[in-house]
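*Asks:* Work the whole structure out from these sequences, hints included.
2 protein chains.
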Amino acid sequence: MKRVFLGAVAAMALAIPATAQPTGDLGLIVERASGSLLVVDQSDRAKIGRITGLGDLSHASLVYSPDERFAYVFGRDGGLTKVDILEQSIVNRVMQAGNSIGGAISDDGRFVAVSNYEPGGVRIFDAETLEMVLDIPTQSKTIGLVDIPGTKFVFSLWDAGETWIVDLSAETAEITKIEGMGTNPYDALVTGDGRTYITGLFGDDHLTALDLWQETPEPMPILPGYAEGREGLPVYKMPHLEGWALAGSEFVLPAVGQHEVLWVDARDLTETGRTQTHGQPVFAMARPDGRHVWVNFAHPLNDTIQVIDTVTKQVIHEFKPGPGVLHMEFTPRGREVWLSVRDAGKVMIYDTQTFEKLREIDAESPSGIFFTARAHRTGL
Amino acid sequence: MKRVFLGAVAAMALAIPATAQPTGDLGLIVERASGSLLVVDQSDRAKIGRITGLGDLSHASLVYSPDERFAYVFGRDGGLTKVDILEQSIVNRVMQAGNSIGGAISDDGRFVAVSNYEPGGVRIFDAETLEMVLDIPTQSKTIGLVDIPGTKFVFSLWDAGETWIVDLSAETAEITKIEGMGTNPYDALVTGDGRTYITGLFGDDHLTALDLWQETPEPMPILPGYAEGREGLPVYKMPHLEGWALAGSEFVLPAVGQHEVLWVDARDLTETGRTQTHGQPVFAMARPDGRHVWVNFAHPLNDTIQVIDTVTKQVIHEFKPGPGVLHMEFTPRGREVWLSVRDAGKVMIYDTQTFEKLREIDAESPSGIFFTARAHRTGL
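Line order of the protein sequences matches chains A and B. Position in the first sequence counted from 1, then plus 26, gives you my numbering. Position in the second sequence counted from 1, then plus 26, gives you my numbering.
Keep in mind the hints are simulated off the structure, nothing from the lab. Keep in mind it's a predicted model, so treat the numbers as computed, not measured. Some hints could be false.
Copies of the same chain are indistinguishable here, so a pair counts whether it falls within one copy or spans any two.
DMTMM-like, lysine to aspartate or glutamate: derived pairs with alpha carbons at most 25 Å apart [said to hold, decoys possible]:
#, residue 1, residue 2
1, K339, E244
2, K339, E157
3, K203, D103
4, K383, E154
5, K383, D193
6, K73, D110
7, K372, E188
8, K346, D388
9, K383, E197
10, K383, E200
11, K383, D110
12, K339, E241
13, K203, E188
14, K372, E382
15, K372, E386
16, K372, D193
17, K339, D237
18, K372, D67
19, K383, D152
*Replies:* Rendered as structure tokens:
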């Protein structure tokens with residue numbers, strides 16, 4: 027019955043001409059089990075359609091074109107799919123690799139880059155046509171692919187412990203390779219201003235930062251010895267870039283193998299505190315104003331959310347939205363938060379000031395939630 | 027001839043049905059002499075229409091609805107006009123006061139607030155209907171009106187030296203009054219996270235800051251004695267909120283009565299440096315990544331732009347776009363900047379990396395440029 031109902035909604039949406047539909051408050055929600063995307067309207071707190079046929083969407087992510095019309099969806103199966111959120115349809119789809127892990131769009135909207143495990147490397151596509159314009163083989167799995175200002179992408183090599191910067195601003199692409207990033211970088215993030223790139227390492231007991239504003243960025247080890255005396259567990263897990271949050275003048279990191287989040291001074295990258303949490307954190311996401319940090323947890327504690335105040339670093343609210351809380355997305359100015367509760371088959375919407383639940387939306391095993399406002403931000 | 031041509035463009039634009047037009051990369055440019063708004067497409071670097079009949083648009087500003095479809099235009103003549111950027115038409119227009127100076131939209135998009143000189147006070151309107159929902163008389167000119175998270179607005183009273191916080195999150199509005207802000211606050215800003223509110227003072231030789239995250243915000247004098255030994259000139263002019271910029275970990279302020287910009291530590295609000303400039307700065311605006319600050323100048327030096335590097339605090343580029351450079355707006359991720367060159371009747375578009383001019387667009391005495399991406403930001 028649920029499928030029939032949802033199909034009807036999608037068909038109705040398609041039947042309505044896409045007249046005078048603004049795109050500033052739309053979003054896409056990944057339905058991993060069915061390989062589809064739910065199209066949502068954030069202001070109406072409603073689903074307005076569904077786009078199907080996107081292949082394997084486990085661990086899928088997506089980025090938006092600058093006009094907030096097109097999304098580029100990176101599937102785990104190597105599929106790169108361009109969808110039109112206004113027409114609610116697939117525009118183009120290419121199988122560009124065997125196994126891929128995320129992507130990015132250049133600041134001018136011209137290029138889409140995809141990070142691949144199999145074969146290792148990064149491939150860059152024309153955002154208009156999805157034709158490949160550059161193939162960068164690396165003999166290594168690539169991770170931590172992000173966009174930075176100036177038509178550039180940055181990514182790291184798991185096997186070689188290097189970070190590469192690709193500059194596409196001129197006719198010929200220029201690649202800068204930075205060695206000595208550490209043993210087995212497994213994920214990375216860039217700050218919202220595109221200045222600081224930080225990699226987590228599987229094989230070393232620290233993280234490595236780069237100041238991308240320097241002429242020749244030098245690897246800087248930060249937070250050394252975090253795992254000391256803790257049975258040599260891998261230091262940090264950074265499941266996704268969004269697993270890092272800038273709250274006020276501090277970063278918040280989920281510490282893995284531990285039930286805590288870690289506070290780091292954004293300026294000098296030293297540790298400033300720890301907060302004990304309900305479980306092993308997966309995402310620690312700052313509300314856009316940075317006042318609160320919302321945390322979800324790994325299985326089997328993934329039915330719970332904790333909210334931490336960034337002034338006191340104390341947990342101020344805890345609740346259980348339901349089984350399998352996989353992802354959170356704040357509305358751009360932080361008024362509401364949308365949660366994917368996979369095993370309840372629901373997306374739940376909460377007021378971030380009162381913590382009141384405002385709405386539930388049915389979805390098929392929802393995971394990642396992506397609002398179009400991401401189009402205007404760097405490094406997502 | 028120019029008028030005829032422009033009229034034709036507007037008519038053509040209106041004839042095209044607004045089908046499948048995304049709104050993420052649109053913008054409005056204030057044409058002050060003709061009381062009109064130019065509708066522009068940032069990706070195409072083109073004008074796509076014109077909306078006329080907005081009254082006196084000198085010193086006009088505007089804000090966007092969360093869906094990036096509607097703009098609320100605050101005219102100097104007290105007119106509040108709601109325009110539809112997709113249909114390129116006026117939806118509603120009310121004369122709400124005799125003389126007004128800017129406005130703001132609440133984080134949930136429900137309320138639009140307008141700051142008035144004549145009569146003094148703030149009036150708050152339903153964003154849907156433009157019906158007045160709250161009249162806040164103050165017996166004073168009001169300045170520095172901004173939105174902050176939690177359906178709140180903040181503004182200051184010129185005559186009383188107070189800052190008021192209006193909370194509209196519940197059924198009944200709640201107003202908190204903070205006394206002792208100093209003598210004659212004449213403009214204010216709030217940081218992008220909505221936490222720090224800073225007022226400039228005409229009658230005191232310092233500025234006053236509030237930490238809005240505190241339960242009871244206390245006025246904190248900052249940058250005391252700046253004008254000392256400088257013939258008692260008013261300390262700072264903050265012509266617009268955008269006259270302040272957050273670049274990396276510092277604010278940049280235009281110092282008035284001086285040919286310099288001032289650097290201020292964003293964390294402790296102490297002075298960290300000064301950069302000599304070509305003239306008396308009007309706007310000092312950080313590129314969205316914070317690496318560069320673009321500065322324009324007061325008459326008669328208003329034909330010039332200087333670009334300052336935020337690492338070295340040195341001027342790295344200077345050029346003369348033309349007579350009367352009034353305003354600058356960066357594309358959301360900072361790739362390009364649009365300049366209003368009033369007396370040339372042009373909007374000019376530059377690449378922010380190469381400083382190359384990319385395009386010119388004819389406009390009638392252009393002033394403020396506002397891209398729809400502002401919908402997603404706090405305190406603009």
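*Asks:* Does each hint hold? Answer for all of them.
*Replies:* Results for each hint:
1. In this homomeric assembly, K339 and E244 come within 25 Å of each other (Cα to Cα) only across copies, at 22 Å, whereas the closest approach inside a single copy is 32 Å.
2. In this homomeric assembly, K339 and E157 never come within 25 Å of each other (Cα to Cα): the closest approach is 48 Å inside a single copy and 42 Å across copies.
3. In this homomeric assembly, K203 and D103 never come within 25 Å of each other (Cα to Cα): the closest approach is 28 Å inside a single copy and 58 Å across copies.
4. With identical chains, the CA atoms of K383 and E154 are at most 25 Å apart between copies only, with a shortest distance of 24 Å across copies and 39 Å within one.
5. With identical chains, the CA atoms of K383 and D193 are at most 25 Å apart between copies only, with a shortest distance of 21 Å across copies and 45 Å within one.
6. For the identical chains of this complex, K73 and D110 are neighbours both inside a copy (16 Å) and across copies (23 Å), given an alpha-carbon limit of 25 Å.
7. In this assembly of identical chains, the alpha carbons of K372 and E188 never lie at most 25 Å apart, being 40 Å within a copy and 47 Å across copies at closest.
8. In this homomeric assembly, K346 and D388 come within 25 Å of each other (Cα to Cα) only inside a single copy, at 18 Å, whereas the closest approach across copies is 56 Å.
9. Only between protomers do K383 and E197 lie at most 25 Å apart by alpha-carbon distance; the minimum there is 18 Å, versus 51 Å within a single protomer.
10. With identical chains, the CA atoms of K383 and E200 are at most 25 Å apart between copies only, with a shortest distance of 23 Å across copies and 49 Å within one.
11. For the identical chains of this complex, K383 and D110 are neighbours neither inside a copy (30 Å) nor across copies (31 Å), given an alpha-carbon limit of 25 Å.
12. Within a single copy, K339 and E241 get their C-alpha atoms only as close as 36 Å, which misses the 25 Å cut-off; across copies the closest is 16 Å, which meets it.
13. For a Cα distance limit of 25 Å, the shortest separation of K203 from E188 inside one copy, 7 Å, qualifies, whereas the shortest one across copies, 55 Å, does not.
14. Taking identical chains as interchangeable, the C-alpha atoms of K372 and E382 lie at most 25 Å apart only when both belong to the same chain, with a minimum of 16 Å there against 49 Å between chains.
15. Proximity of K372 and E386 under a CA criterion of 25 Å is satisfied intra-copy only: 6 Å inside one chain copy versus 49 Å between copies.
16. In this homomeric assembly, K372 and D193 never come within 25 Å of each other (Cα to Cα): the closest approach is 41 Å inside a single copy and 32 Å across copies.
17. In this assembly of identical chains, K339 and D237 lie within 25 Å of each other by CA distance solely across copies; the values are 17 Å between and 27 Å within a copy.
18. In this assembly of identical chains, the alpha carbons of K372 and D67 lie at most 25 Å apart only when taken from the same copy (15 Å versus 37 Å across copies).
19. When the C-alpha separation of K383 and D152 is checked against a cutoff of 25 Å, the pair qualifies only between copies, where the shortest distance is 24 Å, while the shortest distance within a copy is 41 Å.
In this structure, the earlier hints numbered 2, 3, 7, 11, 16 are contradicted, and the remaining ones agree with it.
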